[in-house]
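S.K.: Whenever a hint applies, use it, and build me the whole structure from the sequences.
There are 2 protein chains.
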Amino acid sequence: METVLGNADLLGSAEDSAIVKMAGTRYMIQNTDIFTPIVDDPYIQGKIAACNITNDVFACGVLDIRSMLCFLAAPSTIPGWVLTDMLMGMKDFLTELGCEIAGGHTIINPWILLGGTATGFTDERYLIRNTGMKPGDVLILTKALGTQPAMALHRVMKRPEFLENVRDVVPRSELQGIVDGAIKAMVTTNKPAVEVIRELIDESKGQFTVHAMTDVTGFGLAGHSENLARASRVDVEITRIPHFKWAMELSEMMGYDLANARSAETAGGLLIALDPRHQETLERALKARGIPHYLVGRAISSGTGKVHVSSQVIYQPITNAGL
Amino acid sequence: METVLGNADLLGSAEDSAIVKMAGTRYMIQNTDIFTPIVDDPYIQGKIAACNITNDVFACGVLDIRSMLCFLAAPSTIPGWVLTDMLMGMKDFLTELGCEIAGGHTIINPWILLGGTATGFTDERYLIRNTGMKPGDVLILTKALGTQPAMALHRVMKRPEFLENVRDVVPRSELQGIVDGAIKAMVTTNKPAVEVIRELIDESKGQFTVHAMTDVTGFGLAGHSENLARASRVDVEITRIPHFKWAMELSEMMGYDLANARSAETAGGLLIALDPRHQETLERALKARGIPHYLVGRAISSGTGKVHVSSQVIYQPITNAGL
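The listed protein sequences correspond, in order, to chains R and W. Terminal number for the first sequence in my numbering: 323, no gaps in between. Terminal number for the second sequence in my numbering: 323, no gaps in between.
FYI, nobody ran anything at the bench for these hints, they're computed from the structure. All clues stand as given, with none of them false.
Just so you know, same-sequence chains aren't split out, so a pair can sit in one copy or run between any two.
Calculated pairs, SDA-like style, for lysine to any residue (alpha carbon to alpha carbon, straight line, at most 25 Å): (1) K245 - R289; (2) K21 - L97; (3) K21 - D92; (4) K21 - F121; (5) K287 - V313; (6) K21 - T106; (7) K245 - Y315; (8) K245 - E283.
Only a predicted model underlies this, so the values are computations on that prediction, with no experimental measurement involved.
M.R.: This is how it looks when you write it as structure tokens:
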């Protein structure tokens with residue numbers, strides 16, 4: 001697809017969302033995402049989709065998400081209640097964010113697809129891009145990693161013949177908790193972390209700044225660190241991989257690459273790059289709001305966007321997704 | 001799908017686009033549409049898609065379309081140039097409208113799907129809704145009808161065994177012209193007609209008004225007239241069905257219902273409801289810009305949204321799509 005987009009001269013920037021300049025210092029921030037379901041419960045799937053779509057807008061430092069247009073595709077054989085539940089999940093999630101579903105579009109398709117377009121607005125002074133990370137910056141992550149092995153476990157738990165193998169590495173009593181923790185993480189919005197950042201900017205009269213920000217999704221912590229590093233022309237060292245308890249063992253068993261932070265995440269945490277002198281301020285404020293946060297790495301030098309996992313990396317298991 | 005949306009309490013209004021109130025008298029207008037291709041040439045398909053998506057925004061009286069987020073789904077077996085050409089078609093069409101492709105999303109899917117979300121802005125005084133048609137209003141349409149039989153002919157022309165039957169009703173020398181005319185119509189934006197309306201509103205200092213407007217697409221002229229009529233609580237009589245030359249014969253042969261204006265259109269014309277005393281003003285201004293226009297019906301009474309085709313209806317064949 002990169003070649004396709006490149007040939008059409010549409011590769012664009014590495015920003016999480018489209019950033020469109022409006023009048024004065026106003027910006028419009030938009031993100032489209034469309035997914036195939038990853039959980040059985042359509043209501044939960046709707047929440048995960050809405051969380052994932054809006055998180056890209058939050059990752060630009062935007063709080064005012066004004067509208068969502070939903071998109072739903074499904075074979076005509078799918079029972080109506082499944083589709084209704086997916087839309088209800090999206091809607092309930094968005095209502096909690098104070099965002100309205102303004103419209104949408106539905107089509108027949110061989111696969112179920114669910115997604116939408118979120119549109120937000122912000123003043124320039126709150127807009128956070130991908131491009132501003134500086135050598136020496138620390139990287140703070142607001143969710144533990146491991147949704148890919150956790151969701152693989154979710155599928156395996158319905159297949160007793162595979163489940164036997166899993167029980168060799170994970171105690172039986174812990175299995176459901178891994179899935180539940182990952183789902184809890186995937187339906188937890190990153191909005192409160194952006195509110196914390198916004199408050200720190202306002203209270204400090206602009207002294208507190210975040211240099212760059214992104215959310216961690218399909219390319220894993222390492223891939224999204226690379227996006228930041230490349231756009232900011234620095235290199236990055238990953239020093240810690242916080243992960244749902246047992247996700248590392250599952251990842252190894254199932255052939256994912258969580259050990260190198262390359263395992264895909266769904267609706268993952270914010271990855272925040274900031275000057276180390278602001279680290280304590282941010283961590284204290286996140287803690288006060290009950291938001292998990294982990295120091296996962298730092299920008300080590302001006303560079304070309306290389307990311308390496310430190311040979312001293314700390315694998316930190318997190319119980320109940322830290323939530 | 002209506003039941004699905006209704007159960008999720010998401011049926012919304014019958015407006016062509018989502019209408020979101022912003023600060024003061026500003027409104028944001030958004031539309032998402034996603035299609036399977038209907039023509040062979042992917043570049044043309046890209047233009048048709050962009051035309052169709054943006055026409056819903058223009059149908060609200062909006063001129064300032066600020067951004068488009070593209071969506072592209074395809075099986076991994078589709079050659080890259082096909083996808084690139086579709087995106088190039090969208091991009092070139094949007095560039096002519098002065099609209100930028102701000103971002104997008106691509107996925108693997110068993111079917112090719114192409115679409116996007118267009119976002120525009122307008123002041124309240126230019127916003128035209130579905131709901132304001134009044135008894136006595138005339139209905140002006142800006143494109144001839146018949147894209148569905150024309151596109152069916154497009155498919156048939158590659159199947160010699162079916163083509164023989166077509167030649168019984170349409171002269172061989174006319175066949176390619178029908179397809180070309182329909183494609184020309186489908187890549188012609190409705191923006192200039194909205195510019196004409198905007199100029200008339202401005203020049204007349206608000207004396208000239210349009211009561212209601214929509215664009216004619218999947219439900220045909222009769223179906224979209226019903227949308228206007230239902231939202232405005234009037235009934236409508238269709239008095240004229242302007243159609244691509246030979247489209248009526250093809251429609252009858254192929255089992256479509258163009259005779260009752262129920263045949264689906266792609267990227268069809270604007271359907272404009274206005275007081276009959278403004279009809280001549282509008283028609284003169286459209287003519288001056290070279291925009292086709294046909295008086296197709298009128299609102300006959302306060303009612304419940306019933307649409308009937310007059311027993312005196314005029315079937316008017318249009319050569320070369322009137323363009």
